[in-house]
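Sequences listed follow chains A and B, in order. Using our numbering, the first residue of the first sequence is number 2, and each one after it goes up by one. Using our numbering, the first residue of the second sequence is number 904, and each one after it goes up by one.
Heads up, a few of these hints could be off.
Here are the simulated lysine-lysine pairs, BS3-like style, with alpha carbons at most 25 Å apart [claimed, not checked]:
(1) B:974 <-> A:104
(2) B:917 <-> A:60
(3) A:56 <-> A:4
(4) A:72 <-> A:4
(5) A:104 <-> A:18
(6) B:973 <-> A:104
(7) B:960 <-> A:4
(8) A:58 <-> B:998
Every beta carbon over 12 Å from chain B, so not counted as near; a handful from chain A, in silico [what the hints assert, rightly or not]:
(9) 35
(10) 73
(11) 98
(12) 110
Since the hints were derived computationally from the structure, they do not count as laboratory data. Remember, predicted model here, so these are calculated numbers, not experimental data. Glycine included, C-beta positions come from ideal geometry on N, C-alpha and C.
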Amino acid sequence: SQKIEQNSEALNIQEGKTATLTCNYTNYSPAYLQWYRQDPGRGPVFLLLIRENEKEKRKERLKVTFDTTLKQSLFHITASQPADSATYLCALRSGYSTLTFGKGTMLLVSP
Amino acid sequence: NAGVTQTPKFRVLKTGQSMTLLCAQDMNHEYMYWYRQDPGMGLRLIHYSVGEGTTAKGEVPDGYNVSRLKKQNFLLGLESAAPSQTSVYFCASAKTRANTGELFFGEGSRLTVL
């Protein structure tokens, strides 16, 4: 069966460090992979989309890698700030027009 | 810039009651989705629509019905609510197929079934 795995344990880091979150998947052949941010009590907000032929994508302090051989995406936030504290979700194509989400990893950045 | 608006934001129902959640988007998007989010389960797709007048089942459709009579609105109905439907419901819309472009989410509707 198809699975998307994100670390269920919260990631605690200090301000200024780089946060790295992992998304592993099985039994998918996604052409695209997306990352979203969700704050408590709010809806998810889109951050980045990476295509299977793109190894890496950057947006400001965010960097996403996509390794279709390892079936893994890494999401990096450099120079992290307390305002980056949130839950981060990865999402993969699960049908012609549908998206399946991982359960998310909570990131806590302490001052 | 309203984006995706969900009503109501909070609702408490008794078992067996019915209700409808309304999702409205003002971005002229073709695709619309209803997800539910439960602790430890993540977001799960209930139903979706690829255009006005169309609906399709997602991962967890049982106990729910949907309608997309107008392009901007996507309604989620619970005919006979059950405690297992206690959840936070999110509506989302997309200009293109969800997996090729971003989803825009509403703020959620928190439903409690007693």
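Comparing the hints with the structure gives:
For the given pair, residue 974 of chain B sits about 30 Å from residue 104 of chain A by alpha-carbon distance, which is inconsistent with the 25 Å threshold. A threshold of 25 Å between alpha carbons decides the hint, and for residue 917 of chain B with residue 60 of chain A the separation of about 46 Å lies outside it, so the pair is violated. Proposed proximity of residue 56 of chain A and residue 4 of chain A is supported: the alpha carbons are some 21 Å apart, at most 25 Å. A threshold of 25 Å between alpha carbons decides the hint, and for residue 72 of chain A with residue 4 of chain A the separation of about 11 Å falls inside it, so the pair holds.
A C-alpha spacing of about 24 Å is found between residue 104 of chain A and residue 18 of chain A, which places the hinted pair at or below 25 Å, so the restraint holds. Taken as a hint, the residue 973 of chain B and residue 104 of chain A pair is broken in the structure, with Cα atoms around 32 Å apart against an allowance of 25 Å. At roughly 19 Å between alpha-carbon atoms, residue 960 of chain B and residue 4 of chain A fall within 25 Å of each other, so this suggested pair holds. For the suggested pair residue 58 of chain A and residue 998 of chain B, the alpha carbons sit about 22 Å apart, so the restraint of at most 25 Å is met.
Not every CB of chain B is more than 12 Å from the CB of residue 35 of chain A (nearest about 7 Å), against its label as outside the interface. No Cβ of chain B approaches the Cβ of residue 73 of chain A within 12 Å, the least distance being about 18 Å, so the stated non-interface status holds. The Cβ of residue 98 of chain A sits about 4 Å from the closest Cβ of chain B, inside the 12 Å cut-off, so the non-interface label is violated. At the 12 Å boundary, the C-beta of residue 110 of chain A stays outside the reach of chain B, the nearest C-beta of that chain being 22 Å off.
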